[in-house]
Structure formats: C-alpha cells, structure tokens
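127 is the number that the working numbering gives to position 127 of the sequence shown; each next residue is one higher, with no gaps.
It is worth saying that the hints were derived from the structure and are not from the lab. Incorrect hints may appear among the rest.
[Said to hold, decoys possible] Calculated lysine to aspartate or glutamate pairs in the DMTMM-like style (CA-CA distance at most 25 Å, straight line):
hint : residue 1 : residue 2
1    : K8        : D108
2    : K2        : D27
3    : K93       : D108
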Amino acid sequence: MKFHELHKRERQILTILYQLGEGSVQDVVDRIEDAPSYNAIRVMMYLLENKGFLTHRKDGVRYIFKPALPLSEVSSSALDHLLKTFFEGSVPKLVNTLISSNSKHLSDDELNELSKLIDQKKRENSD
Numbered sequence: 001m002k003f004h005e006l007h008k009r010e011r012q013i014l015t016i017l018y019q020l021g022e023g024s025v026q027d028v029v030d031r032i033e034d035a036p037s038y039n040a041i042r043v044m045m046y047l048l049e050n051k052g053f054l055t056h057r058k059d060g061v062r063y064i065f066k067p068a069l070p071l072s073e074v075s076s077s078a079l080d081h082l083l084k085t086f087f088e089g090s091v092p093k094l095v096n097t098l099i100s101s102n103s104k105h106l107s108d109d110e111l112n113e114l115s116k117l118i119d120q121k122k123r124e125n126s127d
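Construct the complete structure from the given sequences, taking the supplied hints into account.
Have a look at this one:
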C-alpha cells in the first residue's frame with residue numbers, strides 16, 4: 001500500500017508524525033482539527049502500524065509511535081501519484097504550475113537554485 005492510497009485521516013496522522021518525528025496518540029489528537037475521538041485515532045494508528053507505516057515503543061504506560069518508512073520514500077510515492085493524476089506524468093507541467101502559482105513568492109535566489117538543479121541534472125544525464 002502507498003501513502004496516497006490511505007484514507008484522509010491516516011494521511012493526516014502520518015503527516016503529523018513525520019513533522020514531530022514521533023509522538024503519542026494524544027500528541028496526534030491535539031494536532032488534528034476536528035479530530036475524532038482519542039480511541040478512533042488510537043485504532044487508526046494501530047492500523048497504520050499493521051500496514052507497515054508506523055512502529056511504536058513503550059514509554060511508561062504510553063506508546064510512542066514513529067513513521068516506519070523514510071520520508072523520502074513516502075514523499076516520492078505521493079509525488080509520483082500527484083504527477084500521474086494531475087499533470088499527465090509531465091514534470092515540466094508540474095514545475096510550470098509550481099512556478100506560475102508561486103511566482104510572486106519565488107525570490108531570485110530560489111529561481112537561481114532551481115536553475116542550478118536543472119543544470120546539475122543535465123550534466124548527470126550527459127555522463
């Protein structure tokens with residue numbers, strides 16, 4: 001199962017735990033707007049563990065959960081889904097949308113950084 005195949009609440013839980021690094025059920029409940037009950041979140045976290053997305057350790061009477069997969073693996077899967085679903089698999093279309101929608105927020109330094117990344121990728125492809 002991949003990140004984008006999870007239910008909305010499951011994705012919210014994982015996002016919170018990636019931001020925190022690790023956390024208890026209560027930590028997650030406290031960060032979800034209009035969260036369902038504590039027990040509902042607890043059950044979802046155990047389901048995420050059974051699906052391979054979370055692990056836990058015991059800290060006194062609490063269980064502390066953390067993501068089982070590296071963020072890069074999860075974000076790559078989510079980005080791949082986004083790319084296929086909304087941009088016909090086209091990286092240039094995705095980048096154009098990002099640049100166009102955020103053009104007022106991109107500084108010259110950020111645009112230069114993007115240019116450098118593109119130049120670096122061109123060099124890697126020519127090797």
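Going down the list of hints, with the structure as the test:
Of the supplied pair hints, the one linking K8 and D108 is violated, its CA atoms being roughly 36 Å apart against a limit of 25 Å. With a CA separation close to 24 Å, the supplied pair K2 and D27 stays within the 25 Å bound. For the given pair, K93 sits about 21 Å from D108 by alpha-carbon distance, which is consistent with the 25 Å threshold.
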